[in-house]
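S.K.: Residues in the sequence shown are numbered consecutively from 1, following the numbering used here.
Think of the hints as simulated: they come from the structure by calculation, not from any bench. Be aware that a few hints might be false.
As the list claims (entries may be wrong) - Calculated lysine-lysine pairs in the DSBU-like style (CA-CA distance at most 30 Å, straight line):
(1) 97 to 172
(2) 10 to 97
(3) 95 to 230
(4) 10 to 256
(5) 280 to 180
(6) 141 to 10
(7) 57 to 25
(8) 120 to 95
(9) 10 to 172
(10) 172 to 256
(11) 103 to 179
(12) 256 to 311
(13) 120 to 311
(14) 10 to 230
(15) 320 to 120
(16) 320 to 10
(17) 25 to 311
(18) 256 to 269
(19) 103 to 120
(20) 311 to 270
(21) 57 to 230
(22) 103 to 180
(23) 230 to 320
(24) 97 to 179
(25) 97 to 311
(26) 25 to 180
(27) 280 to 179
(28) 320 to 280
(29) 95 to 280
(30) 270 to 180
(31) 95 to 179
(32) 25 to 120
(33) 10 to 57
(34) 57 to 280
(35) 120 to 172
(36) 25 to 269
(37) 10 to 358
(38) 25 to 172
(39) 179 to 120
(40) 280 to 97
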Amino acid sequence: MTNSVETQNKCGLRREDFQTTVNGKHTDLFVLRNSHGNEVAFTNYGGAIVAIMVPDKNGNYANVIQGHDSIQGVINSEEPYLSRLIGRFGNRIAKGKFQLHGKQYQLYTNDGSNHLHGGKEGFNVKVWDATQVNDHAVVLKYTSPYGEEGYSGEVEVWVGYSWTDDNELIIKYRATSNKKTIINLTHHGFFSLAGDADPTPDVLNVEAQLNADFYLPIDNTSIPTGEILKVEGTPFDFRTPHTIGERINDDNEQLKNGTGYDHCYVLNKKEEGELSFAAKLHEPVSGRTMEVYTTEPGLQLYTGNFEFGLKGWHGTTYPKRSAICLEAQHFPDTPNRPYFPSVELNPGQVYEQRTIYKFGVE
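Let the hints inform the model, and build the full structure from the sequences given.
M.R.: The structure is reproduced here in structure tokens:
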């Protein structure tokens, strides 16, 4: 198994540094490597991706995702969502309240008065059962018990990470429930295409393109107002490439509400659930690119507005706005907005999602 050949790991991570026991379950490090020798490394604690090693235009390697170099670093991270799996519900639910089959549910509120990313102990802090399928793929499984964080139903979740010879990180999600519930899974990758460093460069010069004509404005607690607005004529228009820094400090109420970009985009789709192009990033100094394809209706753009010198992988630091997150998901606060695409999951139904992050150079 590739997993045991630490000496050849470009990421410089050691398996033993990721092995411990949390609540009776064992954590480990998994390294996926493709035919070019490029790597993705992650742990089954929260599904945290701790390294993506890809070359720049000159063939120099760097880690392009923010993470930690030990299991204790992951567990004790000041950023609990740093490049981890998110569930049962990615993003926010207003006041943690929603109605389902005539019953009112109250979730844990961990973001002011709102519920964020699954609550106090979401999927980001669970030890997932991991099965290494081959050198390119691992499947993670977690069973979320009835009532966890206030949610209904026992939910079984499978997430597959695979790494192709085309430098595509493919994340496949599948979930079933024994009772009617809601679900909205995502991965909160903090991408730094310039490469992790001390300090990691900011992302203001990164060119972004988003395949979205509309976005969801938010109030000052980051809950969608319920409107679906055109991006045209606003700082949120990335239909053609613009740098992140070009308009991020504009005198704009929405940018102030998000302290920068922290908004869900409504992706342009020909049909619901199709796998289609969502976004592209280009970092001009390194030449690295990342394209995103997803079956999801929404994409949260977050520009690391609340990072403040977090310590990371191999002595690197992550200052404010040193990462871009592109979280493929259903819309925030959907349970309270019946006209948003549904997040309900019934017994007998299967929740499925697929998102691809493809790395290259230009």
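S.K.: Mind checking the alpha carbons of residue 25 and residue 180 for me, to see if they're no more than 30 Å apart?
M.R.: Between residue 25 and residue 180 the Cα gap is close to 28 Å, so the pair holds against 30 Å.
S.K.: Decide if the proposed pair is consistent with the structure: residue 280 and residue 180, CA atoms, cutoff 30 Å inclusive.
M.R.: Answer violated: residue 280 to residue 180 is near 36 Å, above 30 Å.
S.K.: Can you confirm whether the C-alpha distance between residue 320 and residue 280 stays at or below 30 Å?
M.R.: At roughly 21 Å apart (the allowed maximum being 30 Å), residue 280 and residue 320 satisfy the hint.
S.K.: Hinted pair, alpha-carbon criterion (30 Å max): residue 57, residue 25. Please report holds or violated.
M.R.: Distance of about 41 Å is beyond 30 Å: violated.
S.K.: Between residue 320 and residue 120, does the CA-CA distance stay at or below 30 Å?
M.R.: It holds: about 24 Å lies between the C-alpha atoms, which stays within 30 Å.
S.K.: Given the hint that residue 103 pairs with residue 120, test it: the Cα-Cα distance must not exceed 30 Å.
M.R.: holds, 22 Å
S.K.: Does the alpha-carbon distance linking residue 103 and residue 179 stay inside the 30 Å limit?
M.R.: Holds, because 13 Å separates the two Cα atoms, which is no more than 30 Å.
S.K.: Hint check: residue 280 vs residue 97, CA-CA at most 30 Å. Holds or violated?
M.R.: Violated, at about 34 Å.
S.K.: Starting from residue 120, check that the Cα of residue 95 is at most 30 Å away, please.
M.R.: holds, 14 Å
S.K.: Taking 30 Å as the top limit, are the C-alpha atoms of residue 57 and residue 280 close enough?
M.R.: Holds, at about 17 Å.
S.K.: Does residue 311 sit within 30 Å of residue 97, going by the straight-line distance between their CA atoms?
M.R.: The hint is violated at about 35 Å.
S.K.: Measure nothing beyond the straight line between the CA atoms of residue 120 and residue 172; if it is 30 Å or shorter, mark the hint as holding.
M.R.: holds, 25 Å
When each numbered hint is compared with the structure, violations occur for hints 2, 4, 5, 7, 10, 14, 20, 21, 25, 27, 29, 36, 40.
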